[in-house]
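Undergrad: Below are the chains, spelled out letter by letter.
There are 2 protein chains.
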Amino acid sequence: MKKIAVDAMGGDNAPQAIVEGVNRALADFADIEVILYGDDTKIRPYLTATERVTIVHTEEKINSDDEPTKAIRTKKKASMVLAAKAVKDGEADAVLSAGNTGALLTAGTLIVKRIKGVERPGLMTTLPTMSGQNFDMLDLGANAENTATHLHQYGILGSFYAKNVRGIEKPRVGLLNNGTEETKGTPVHQEAYRLLANEPSIHFIGNVEARELLNDVADVVVSDGFTGNAVLKTIEGTAKSVMGALKSAITSAGVKGKLGALLLKDSLYGLKDTMDYSKAGGAVLFGVQAPVVKAHGSSDATSIYYTIKQIRTMLETDVVSQLVTEFADKT
Amino acid sequence: MKKIAVDAMGGDNAPQAIVEGVNRALADFADIEVILYGDDTKIRPYLTATERVTIVHTEEKINSDDEPTKAIRTKKKASMVLAAKAVKDGEADAVLSAGNTGALLTAGTLIVKRIKGVERPGLMTTLPTMSGQNFDMLDLGANAENTATHLHQYGILGSFYAKNVRGIEKPRVGLLNNGTEETKGTPVHQEAYRLLANEPSIHFIGNVEARELLNDVADVVVSDGFTGNAVLKTIEGTAKSVMGALKSAITSAGVKGKLGALLLKDSLYGLKDTMDYSKAGGAVLFGVQAPVVKAHGSSDATSIYYTIKQIRTMLETDVVSQLVTEFADKT
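Going line by line, the protein sequences match chains H and F.
Residues 1 to 331 in the UniProt record's numbering are what the first sequence lists, from first letter to last.
Residues 1 to 331 in the UniProt record's numbering are what the second sequence lists, from first letter to last.
Hints in this document: simulated from the structure, not taken from any laboratory.
One thing to keep in mind: the hints can contain errors.
The list cannot tell twin chains apart, which means a pair is met if one copy fits it or any two copies do.
Said to hold, decoys possible - With a cut-off of at most 20 Å between alpha-carbon atoms, the simulated PhoX-like pairs for lysine-lysine come out as follows:
{"#": "1", "residue 1": "Lys113", "residue 2": "Lys184"}
{"#": "2", "residue 1": "Lys265", "residue 2": "Lys247"}
{"#": "3", "residue 1": "Lys70", "residue 2": "Lys184"}
{"#": "4", "residue 1": "Lys170", "residue 2": "Lys3"}
{"#": "5", "residue 1": "Lys247", "residue 2": "Lys258"}
{"#": "6", "residue 1": "Lys77", "residue 2": "Lys265"}
{"#": "7", "residue 1": "Lys75", "residue 2": "Lys3"}
{"#": "8", "residue 1": "Lys2", "residue 2": "Lys256"}
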């Protein structure tokens with residue numbers, strides 16, 4: 001039985017979306033058990049699952065505008081903190097939250113703790129490409145600054161995840177840089193290039209440019225946290241803007257637009273589906289001793305369901321324990 | 001008369017697209033004169049303009065894969081180098097090239113030279129937003145690393161451009177960062193925040209996130225060159241992928257799709273137009289002693305025409321001389 005600690009109070013649509021996602025996951029996956037952390041009276045109205053689920057009641061929670069480190073240190077009874085502690089104490093195998101990202105990263109590092117040998121856990125997510133092939137990218141902003149050693153480790157971490165969780169036999173690992181030549185970028189990127197090129201456990205394909213990310217240029221993209229964060233937000237913002245402009249172009253075309261849109265309905269839904277981040281799962285703080293997974297703040301029940309599915313796969317493939325062994329061998 | 005030195009041999013469609021753009025610009029703008037640098041026999045077949053245009057023949061040119069600094073230093077007779085030298089020698093007021101970006105940045109810095117007081121010229125372009133309001137962003141990759149002082153200067157440079165060339169009375173200047181709080185980002189970003197907030201000549205609105213760039217969040221966005229380059233390429237790549245996916249969704253919908261697309265034709269063209277980078281002009285190496293402007297490598301005649309129009313405005317508003325005065329006062 002895989003035990004997942006879920007922060008029921010985090011995210012814009014909590015607890016409803018969280019609990020409804022949990023209901024659905026419990027119905028589909030007979031091998032998981034969920035512990036919900038949060039306000040019992042607010043959770044219970046949405047909870048239809050009756051088996052393999054428990055509620056650990058707490059009234060304290062971390063808000064989206066709380067200062068992360070301070071919140072984790074002072075709000076000892078917050079739903080997110082209790083969920084992370086359950087993992088630390090062996091009562092659960094993984095933690096899921098749609099709440100304050102910075103706080104969850106802090107909880108992951110301070111409570112669940114780093115894998116020995118991993119200098120800086122990185123935030124990683126699987127991003128959809130137009131072909132559906134997708135890619136993993138890290139660090140997406142767990143760190144504002146990274147050394148070449150961190151980037152080297154992200155290559156190993158990302159490749160491990162792509163191989164074990166996504167089932168890609170020989171993941172192509174690329175380094176996000178401002179040009180493809182190995183001399184490009186800052187001294188940190190140049191050094192990271194050398195370290196990645198000399199790493200025998202991964203298939204490094206060299207530098208990749210941000211323009212090519214959605215064109216299946218690599219299976220794993222390594223980035224420093226600052227740039228990764230900016231690129232992720234740019235993809236989200238641009239896709240949203242273009243789709244929004246398309247929608248308003250159709251709307252403003254009057255009857256002709258309505259009819260045209262009706263004829264194209266299936267195709268446009270297909271496109272929306274391609275770019276649907278809700279099925280891609282959450283962002284993983286990778287490099288800590290258990291799966292610590294952040295669902296998007298605006299997650300609906302579907303996103304939560306797919307994030308639980310992703311956590312289940314991570315537990316099934318035992319990717320974190322394998323990582324522990326991998327890094328123990330390296331140090 | 002405004003004299004523009006044009007590298008006729010740079011870019012994927014040179015010299016045809018370059019020369020055709022020049023023809024059109026000469027016809028529309030009676031106050032400009034163009035000097036074309038490149039292979040006379042290749043330029044002449046496309047040149048229909050007969051007045052205010054001269055060709056300076058040279059057979060040497062810089063290729064897109066040439067190492068920039070080496071190319072500028074050794075190919076003394078290259079069309080790009082001669083065009084830059086013409087500016088330095090006072091024979092022309094501005095230089096335009098669609099060729100090797102790195103080489104043009106090097107030519108700008110080494111030949112045209114920095115404005116006194118500007119530590120590192122930045123590459124800046126005007127990016128279209130969905131509303132048509134647009135924003136200027138710099139540095140887009142002239143530098144792989146920037147100090148807080150550079151970012152401070154980019155705020156001043158970008159604001160100056162938005163005010164004088166784009167006619168925005170009080171441009172809102174934002175700092176691209178991984179969160180809106182002033183404590184966000186690397187120490188360089190935190191220090192840049194302080195410097196920009198205390199700069200009396202600009203209207204600093206604080207940090208902006210990459211997700212909001214296309215939503216008119218600021219008129220000028222300041223970024224370090226590495227992140228700016230990644231964000232620009234991400235916007236381009238994402239917009240292209242989404243539009244490509246839309247196109248293939250329509251195509252694969254068969255007759256229904258064709259009919260729907262026909263009804264939506266005007267709207268979809270409108271959307272394409274909104275995102276049309278070709279009318280936005282080129283990227284300016286801002287902070288050197290004359291307009292040094294890079295048109296996109298894939299520029300067609302229309303892009304070249306609009307880039308010349310942009311250079312004309314820069315010369316008309318005398319933005320570079322004003323900058324020289326501004327920075328002389330500051331040092």
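Undergrad: Each hint: holds or not?
TA: Going down the list of hints, with the structure as the test:
1. Lys113 / Lys184: neither (34 Å within a copy, 23 Å between copies)
2. Lys265 / Lys247: Both: 12 Å inside a chain and 14 Å across chains, each within 20 Å.
3. Lys70 / Lys184: Between. Shortest inter-copy distance 16 Å satisfies the 20 Å Cα cut-off; intra-copy 39 Å does not.
4. Lys170 / Lys3: For Lys170 and Lys3, neither the intra-copy (30 Å) nor the inter-copy (56 Å) Cα distance is at most 20 Å.
5. Lys247 / Lys258: both (11 Å within a copy, 18 Å between copies)
6. Lys77 / Lys265: Intra 48 Å, inter 57 Å, cutoff 20 Å: neither.
7. Lys75 / Lys3: Result: close neither inside a copy nor across copies, 24 Å intra and 67 Å inter.
8. Lys2 / Lys256: Result: close neither inside a copy nor across copies, 53 Å intra and 47 Å inter.
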